[in-house]
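Following the hints, complete the assembly by docking chains B, C and D onto the known chain A.
There are 4 protein chains.
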Amino acid sequence: MGEAGLQYLAEAREQTGLPIVTEIMDPSLINIVCQYADVLQVGARNMQNYTLLNAVGQSQHPVLLKRGMSSTIQELLMAADYILSHGNRRVMLCERGIRTFETATRNTFDLNAIPVLKQQTHLPVLADPSHATGKSEYVEAASRAAIAAGADGLIIEVHMDPPNAASDGRQSLRPERFAALVGQLSRIAEAVDRSV
Amino acid sequence: MGEAGLQYLAEAREQTGLPIVTEIMDPSLINIVCQYADVLQVGARNMQNYTLLNAVGQSQHPVLLKRGMSSTIQELLMAADYILSHGNRRVMLCERGIRTFETATRNTFDLNAIPVLKQQTHLPVLADPSHATGKSEYVEAASRAAIAAGADGLIIEVHMDPPNAASDGRQSLRPERFAALVGQLSRIAEAVDRSV
Amino acid sequence: MGEAGLQYLAEAREQTGLPIVTEIMDPSLINIVCQYADVLQVGARNMQNYTLLNAVGQSQHPVLLKRGMSSTIQELLMAADYILSHGNRRVMLCERGIRTFETATRNTFDLNAIPVLKQQTHLPVLADPSHATGKSEYVEAASRAAIAAGADGLIIEVHMDPPNAASDGRQSLRPERFAALVGQLSRIAEAVDRSV
Amino acid sequence: MGEAGLQYLAEAREQTGLPIVTEIMDPSLINIVCQYADVLQVGARNMQNYTLLNAVGQSQHPVLLKRGMSSTIQELLMAADYILSHGNRRVMLCERGIRTFETATRNTFDLNAIPVLKQQTHLPVLADPSHATGKSEYVEAASRAAIAAGADGLIIEVHMDPPNAASDGRQSLRPERFAALVGQLSRIAEAVDRSV
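Protein chains in written order, with numbering that gives the first Met the number 0: chain A, 0 to 195; chain B, 0 to 195; chain C, 0 to 195; chain D, 0 to 195.
Hints are not guaranteed to be accurate.
Which copy is meant is left open, so a pair is good if it fits within one copy or across any two.
[Stated by the list, open to error] Calculated pairs, SDA-like style, for lysine to any residue (alpha carbon to alpha carbon, straight line, at most 20 Å):
id	residue 1	residue 2
1	134	91
2	117	133
3	117	136
4	117	183
5	117	158
6	117	134
7	117	180
8	134	73
9	134	118
10	134	120
Treat the hints as calculated values from the structure; they're not laboratory data. In this text, all values refer to a predicted model and were calculated from it rather than measured experimentally.
In isolation and in its complexed conformation, chain A is listed as follows (with noise of 0.2 Å):
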């Protein structure tokens, strides 16, 4: 993403009031990156680009680190010790879906990996069901399920007119829809004893 590009996100920070999420790419990067995002994503083909992830980690700004798409949990894990290892304790973990032999959906959702990872780590732990599943019609189904078991936040595309988004209109949500599914998964959140 070039400036131009940042200086949207800042608008729409502005206007919104929401916080601002942004995959980093580019190590040199960094410090222009930090001023206009919230959180710095690691994307996960470049989840063990360990140039990407010592950077993300000295920068100390909160980090969002998605698991490579064939990495274990353990790999997980391990990059994320990367960036603790700077003193930068605030990372979040994301299980976007892996690549497995299964070719319905785009990739294969591990629910497995969210119960695993709660219990072998205390740090924040989101899944990413438009990735997971890369169908919209099936995004609100892993949604759901990612909160019963036991998620503390969710990644989701939204888009106002799927067809025509730049990226990834396969697996956005209508807005109207996005509303409707969080109400469903406030209640699912409640079921559990948590809140959203």
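Then chains B, C and D, alone, in the frame of chain A:
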């Protein structure tokens, strides 16, 4: 399972009033097994054993068909078609975890399979959180997720004394944990407008 | 395969003098198939069909056991043990490709399985480059590799008219390409101090 | 690798006359590494690190691009395109084993990738039997297979004292076994009308 084993099942059914599900592996035993079992289970290793699929189809007995450990969802549906093609429409499908590179759990619970199957067929869709995780400490989370995702039923292994179980003790719940789980599941079922 | 099919096999054997390998799927047909076939093949989908493994073990007939599409090498050896445990020691193992995320080929040819099996057992180790690749244009390269790695034999699909084959035409060689391949394989076998 | 490490590489190159291949992980070090190395290696974990791919593309230095451990062949070709798009056409591809369910070897050597890549690109195709097997006892067989399948080159780990190697000793050959292997490979290359 020999005839003595079947006799035990008959006694268990009589004493408890519970219906019996048992695995059938040898097509030549179908008639005798149908006398003792209410449901014939076709195991994951036999999901593409066409001789067996045809035999349980001809039996007209209810069938619980488990997904092969590396079978696609489409292949599961095609295996069900072998049974349905004999006019036996009492078929239940079961997601029980697939084989992937992840070793933290015995199998990878393909949670996505539940909404995909619910969309593609009207057959009941079950989940087996015991096999899908292989470790009792994760069975509750996976069970909650399955119900939240829309599963019509669960298969959960329970044993009075898991460390001394003849098989699968590692993934078995003690009765008191099972009872507590049923309570949790009931709350989640309500939250998604289902009943247990 | 019905009895008519078996009759064709018998004619083919008589006219050509070639020994016959054919797949057995139904344990109740073993006696009749043994009359017509020199080797009983247990297919990948039945590698863990224990009823069938026991039956071919009891038959004392030579067996060609194919690796399941997602079976580990260790599981293949354990399946062979079911046959060997009946005193039937004439068992050949066959690597035929495993299921992975790669879609450029029908299966992924696990070349490593050849040296691993050669180290862990004294049973003959075959490879099936036709299924391991699924596309005829890659069959020659995979065949050469298998022989160079130490395979004791190959199963290669050949058809006079692949586009019109009843099954597996996409991976079948025409006779003239097969003949040329045998010449290449002979040279490689010599280079690794084997003979064809 | 720090500057001291690079200095060792320079000495090794001077004393032996051998060209040097070394892995680059940090885009900001490209200029200095280009002074010491003849070829820049992009490792499997960085195959989709686009910042790094662009940097090595701009360098115009020869590049050895290793396949990601769960990348498809198509994704490997697309990663190469990032480098080629900067006008740097000196790119070699390397199959180094993929991640599957099999645990008998460190990775699964996707032998099929060699003929598929040879068909789809004119770039040189290498294989890394050391990583593809992870165990020195299988390296010779995998090396022979790769040459027989048409690989243009091999990367083989060699160490004077494997049990005490700083890394990857389990998959390293001693020099005398490496020398013997080169002799075998020469014979196979001749058998497929290539030279070593």
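Evaluation of the provided hints:
1. When the C-alpha separation of residue 134 and residue 91 is checked against a cutoff of 20 Å, the pair qualifies neither within a copy, at 24 Å, nor between copies, at 25 Å.
2. In this assembly of identical chains, the alpha carbons of residue 117 and residue 133 lie at most 20 Å apart only when taken from different copies (17 Å versus 24 Å within one copy).
3. Within a single copy, residue 117 and residue 136 get their C-alpha atoms only as close as 27 Å, which misses the 20 Å cut-off; across copies the closest is 11 Å, which meets it.
4. In this assembly of identical chains, residue 117 and residue 183 lie within 20 Å of each other by CA distance solely across copies; the values are 19 Å between and 23 Å within a copy.
5. In the homo-oligomer, the alpha carbons of residue 117 and residue 158 never lie at most 20 Å apart, since the shortest distance is 30 Å inside one protomer and 25 Å across protomers.
6. Taking the closest pair of Cα atoms, residue 117 and residue 134 come within 20 Å of each other only across two copies (14 Å); inside a single copy the shortest separation is 26 Å, beyond that limit.
7. In this homomeric assembly, residue 117 and residue 180 come within 20 Å of each other (Cα to Cα) only across copies, at 18 Å, whereas the closest approach inside a single copy is 24 Å.
8. With identical chains, the CA atoms of residue 134 and residue 73 are at most 20 Å apart between copies only, with a shortest distance of 16 Å across copies and 28 Å within one.
9. For the homomeric pair residue 134 and residue 118, the shortest alpha-carbon distance between copies (12 Å) is at most 20 Å, but the shortest distance inside one copy (29 Å) is not.
10. Taking identical chains as interchangeable, the C-alpha atoms of residue 134 and residue 120 lie at most 20 Å apart only when they sit on different chains, with a minimum of 18 Å there against 30 Å within one chain.
Hint compliance for this structure: hints 1 and 5 are broken, all remaining hints hold.
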